[in-house]
Amino acid sequence: MKEIYLDHAATTYLLPAVKKEMDKYWSKSYGNPSALYSQGIKVARDLAQARGRVAKILNCSSQEIVFVGSGTESDNLALQGVAKALPVGEIIVSAIEHHAVLDTAKYLETLGWQVKIAPVDKDGLIDVKKFSDLMTNQTALVSIMYANNEIGTIEPINDLVKIAKQKNPQIIFHTDACQVGPYLDLDVQRLGVDLLTLNGSKLYGPKGTGLLFIKKGTPIKPVIYGGGQEFGLRSGTENVPGIMGLVKALELSQGKKEAECARLTMLRDKLITGLQIAIKRVNLNGHRTKRLPNNINLTFEDIEGEAILLHLNERGIMASTGSACASHSLDVSHVLQAIGLPHELIHGSIRFTLGRRTSSRDIGKVIKVMPEIVAKLRAMSPVHIDRD
Amino acid sequence: MSKDKEVDLRDRQGRNWIYSDTVKEHFFHPRNLFAPGEEENYQADGVGYVGSPACGDMMKLWIKIDPQTEKIIDCKWQTFGCASAIASTSMLSVMVTENNGLTITQALELRAQDILERLGGLPNIKVHCSVLGDKALRAAINDYFKNTKQHGRIIIEGAKIVDKVLKVTDKDIEEAVLDGADTLEKVQAKTKVGTGDPSCLPEVEQLIKFYRDKYYN
Chain A
1 MKEIYLDHAA
11 TTYLLPAVKK
21 EMDKYWSKSY
31 GNPSALYSQG
41 IKVARDLAQA
51 RGRVAKILNC
61 SSQEIVFVGS
71 GTESDNLALQ
81 GVAKALPVGE
91 IIVSAIEHHA
101 VLDTAKYLET
111 LGWQVKIAPV
121 DKDGLIDVKK
131 FSDLMTNQTA
141 LVSIMYANNE
151 IGTIEPINDL
161 VKIAKQKNPQ
171 IIFHTDACQV
181 GPYLDLDVQR
191 LGVDLLTLNG
201 SKLYGPKGTG
211 LLFIKKGTPI
221 KPVIYGGGQE
231 FGLRSGTENV
241 PGIMGLVKAL
251 ELSQGKKEAE
261 CARLTMLRDK
271 LITGLQIAIK
281 RVNLNGHRTK
291 RLPNNINLTF
301 EDIEGEAILL
311 HLNERGIMAS
321 TGSACASHSL
331 DVSHVLQAIG
341 LPHELIHGSI
351 RFTLGRRTSS
361 RDIGKVIKVM
371 PEIVAKLRAM
381 SPVHIDRD
Chain B
389 MSKDKEVDLR
399 DRQGRNWIYS
409 DTVKEHFFHP
419 RNLFAPGEEE
429 NYQADGVGYV
439 GSPACGDMMK
449 LWIKIDPQTE
459 KIIDCKWQTF
469 GCASAIASTS
479 MLSVMVTENN
489 GLTITQALEL
499 RAQDILERLG
509 GLPNIKVHCS
519 VLGDKALRAA
529 INDYFKNTKQ
539 HGRIIIEGAK
549 IVDKVLKVTD
559 KDIEEAVLDG
569 ADTLEKVQAK
579 TKVGTGDPSC
589 LPEVEQLIKF
599 YRDKYYN
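Chains as they are written, first to last, in the numbering used here: chain A, 1 to 388; chain B, 389 to 605.
One should not assume that every hint holds.
[What the hints assert, rightly or not] No farther apart than 25 Å at their CA atoms in a straight line, the calculated lysine-lysine pairs in the PhoX-like style are these:
1. A:Lys2 / B:Lys412
2. A:Lys376 / B:Lys412
3. B:Lys464 / A:Lys368
4. A:Lys376 / B:Lys464
5. B:Lys412 / A:Lys365
6. A:Lys106 / B:Lys574
Hints listed in this document are in silico derivations from the structure and should not be mistaken for laboratory results.
Construct the entire structure; sequences and hints are all you get.
And the structure:
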């Protein structure tokens with residue numbers, strides 16, 4: 001059975017060229033970049049050169065890029081690092097942030113920080129008026145994601161930065177851009193942000209890699225102490241193969257973003273329309289157009305997501321759900337709650353996220369099998385949301 | 389399963405996420421479903437339901453009872469929920485009708501643990517799904533008593549309902565504590581108590597403390 005992977009927002013495979021790049025640094029150029037012999041110096045040069053390549057894509061300087069061990073670590077460094085460098089104040093995060101941001105903000109609360117949650121509308125867009133009203137002269141840090149991992153809604157980061165800086169130019173603005181690597185503009189000058197998080201494993205690079213852009217002059221302290229690598233902000237011998245892979249993947253995915261956006265937008269819309277035509281009472285979650293080209297999040301009324309996933313898995317199709325039944329905590333998705341979806345609809349939500357290997361045939365297969373699965377589960381469901 | 393045995397897939401709370409082959413079998417090939425169109429004309433002697441879609445699980449059970457022998461001669465069901473909820477109800481429907489059916493008395497003795505055993509176990513976090521099945525059955529039997537005017541036989545649960553939406557009783561809390569759940573979180577993982585009716589949580593916490601003290605102190 002052919003496997004159809006539609007969970008690219010969870011993680012991606014390596015592009016062959018990325019693996020090839022990484023292969024050089026395991027047993028051949030393995031030296032520690034801090035060493036003084038030629039092998040180490042060569043690796044240090046490669047690392048510096050790679051940092052420069054990232055700087056070029058982000059339109060910043062090399063010294064503003066810090067490599068870390070994951071997107072989660074990058075979010076933690078951004079929030080905890082800045083909070084450590086500032087007097088206790090207020091932090092604003094959106095209601096639909098990843099747990100890496102939400103739970104770190106919760107931790108800051110234990111240190112005396114006041115956490116304010118910026119609400120979103122039914123499409124997942126930040127409510128600009130409410131966001132603006134949340135800010136006070138105590139607001140020191142804002143963290144709002146570039147695009148959401150569950151519903152794909154793209155936030156107007158540049159507008160939000162402007163609003164925040166107008167209130168107070170000292171406010172530090174962080175954005176988690178983990179989901180947008182292969183699709184959107186990462187120019188930090190145009191975005192206007194002070195901090196930006198990227199993750200290798202969502203853009204066809206290796207897992208266990210990430211980076212944080214830190215605008216020059218931003219007050220920040222390390223979370224991990226030791227040998228002082230990464231400008232003293234992330235100690236620990238550099239994961240050179242990982243970093244080289246991350247940088248290669250970032251270049252390759254950014255280099256192809258226009259073409260991939262166009263191709264995936266077509267496939268995305270084909271899948272949404274195809275399923276909505278083939279099956280009754282299927283609702284799209286997230287914004288219809290201000291949406292990542294690879295994200296489809298649908299609610300299938302009257303049935304539960306984990307059951308759908310198991311049937312899809314039997315047919316070789318991999319996707320994900322916001323249902324509580326599939327989460328270790330039995331909590332439903334906080335993102336779908338934030339856009340106002342009632343629990344019974346959250347339980348029936350399925351996310352398909354497309355990527356490089358997704359073909360038109362794959363989409364056709366999903367459109368073909370989903371009606372059977374939904375019919376089977378609806379036939380055994382006592383719930384009829386439209387009638388109740 | 390043989391492969392799973394070689395690897396320890398449990399988390400730090402000792403939980404795992406793997407469904408047994410029996411659960412998968414009943415999920416993919418559920419027994420005793422209505423044939424298309426059958427539901428409308430089905431003459432049930434008792435109907436019981438429990439749960440709500442907002443909580444993630446809802447089950448509805450139809451039973452036919454032979455008034456002479458008091459045996460359950462047919463059982464149909466519908467379930468909104470995950471694989472373990474679907475498999476639990478399917479297994480329940482088999483257990484009450486196999487070998488010419490259980491008598492009402494036998495059916496009322498059926499416990500969630502019996503369903504679990506026949507399923508080859510469920511991941512700990514999904515155990516509550518089997519609890520719901522056995523509640524739906526008792527509700528259907530009560531409905532039969534009501535329909536046949538045997539009001540004296542209606543079982544007013546010796547237990548008191550704590551969560552009005554999910555119909556979780558103090559007895560369920562007691563059983564959960566007996567099964568080793570010693571915190572609200574663990575009791576919720578087993579019973580889902582409070583997900584539909586959070587107002588009962590303070591009472592639940594008191595009950596957990598009470599039973600913990602009773603059995604473990």
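Problem - Structure versus earlier hints, numbers of those that do not hold, lowest first - result: The structure breaks only hint 3.
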